[in-house]
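Taking the hints into account, I'd like the entire structure generated from these sequences.
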Amino acid sequence: MRFTYLLILIACLVVTLPLELFLGARVYRQPLRLLLTLIPVVGFFTVFDEWGIWRGHWAFDSRQITGLELPFDLPVEEVLFFAVIPVCALLTYEAVRRLTGWGDE
Amino acid sequence: MTYTRAILLVTAGTVVMDFVLLTGLLRRKAFWASYVVLLGFQLIVNGLLTCREIVTYAPDSILGTKLACAPVEDLLFGFALVLQTLVWWTFLGRVARRRTPR
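Protein chains in written order, with our numbering: chain W, 1 to 105; chain C, 1001 to 1102.
The set of hints was computed from the structure by calculation and includes no laboratory data. By construction, the Cβ of each residue, glycine as well, lies at the ideal position given by its N, Cα and C atoms. Hints are not guaranteed to be accurate.
As the list claims (entries may be wrong) - Computed footprint of chain C on chain W, listed as stretches where at least three residues anywhere in the stretch have a Cβ under 8 angstroms from a Cβ of chain C:
1. 3–10
2. 51–64
3. 67–74
4. 79–89
As the list claims (entries may be wrong) - Over the 12 angstroms line for every Cβ pair with chain W, so calculated as not near, a few chain C residues:
5. Thr-1004
6. Val-1015
7. Leu-1038
8. Ala-1068
9. Val-1072
10. Phe-1091
This is the structure in structure tokens:
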């Protein structure tokens, strides 16, 4: 199914949304900090992914992705993955900090 | 260069970043507690992607050992992705605090 990968990514965001809304992780509420964090992360891992595809280390099933691709056969879902997973990581980290009170230690 | 070697390099580089940018994530309880949670999350999400063969790996590019359908190299990949994200986030938070007039 063409939207399988995309649906998995959307599910990640939906499942972690309560961390922002109810557990006080202030990630979406710091949009500039979030954007500036995502730029180098998405940038670096996109390049790394392109390299891996180009070298033949990994490949994607065209039946389970939308087919939208960046140059050199990079599925757009991969770029989204490099934004979505970091967002989930940040939400988890900030929620953990808030719940435990573990600040800088 | 195989995926194995490349991801070892990337992970090492990310660890160096944590030191060079003075973000100290690797010595924080909050980081490790979050990482344990995220690891479970990764095994599910990455498991979905690899068990369903949305992404596949060339046998010559990996060691061959797998966990929840995914090459063990993906564990390092996840670690590097999470650490790098938190390093930048923390670094930017510090920069913002230093620039805030008191």
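For each hint, the structure was consulted:
no. : hint     : in the structure
1   : 3–10     : holds (count 3)
2   : 51–64    : holds (count 10)
3   : 67–74    : violated (count 0)
4   : 79–89    : holds (count 5)
5   : Thr-1004 : violated, 9 angstroms
6   : Val-1015 : holds, 15 angstroms
7   : Leu-1038 : violated, 6 angstroms
8   : Ala-1068 : holds, 14 angstroms
9   : Val-1072 : holds, 14 angstroms
10  : Phe-1091 : violated, 9 angstroms
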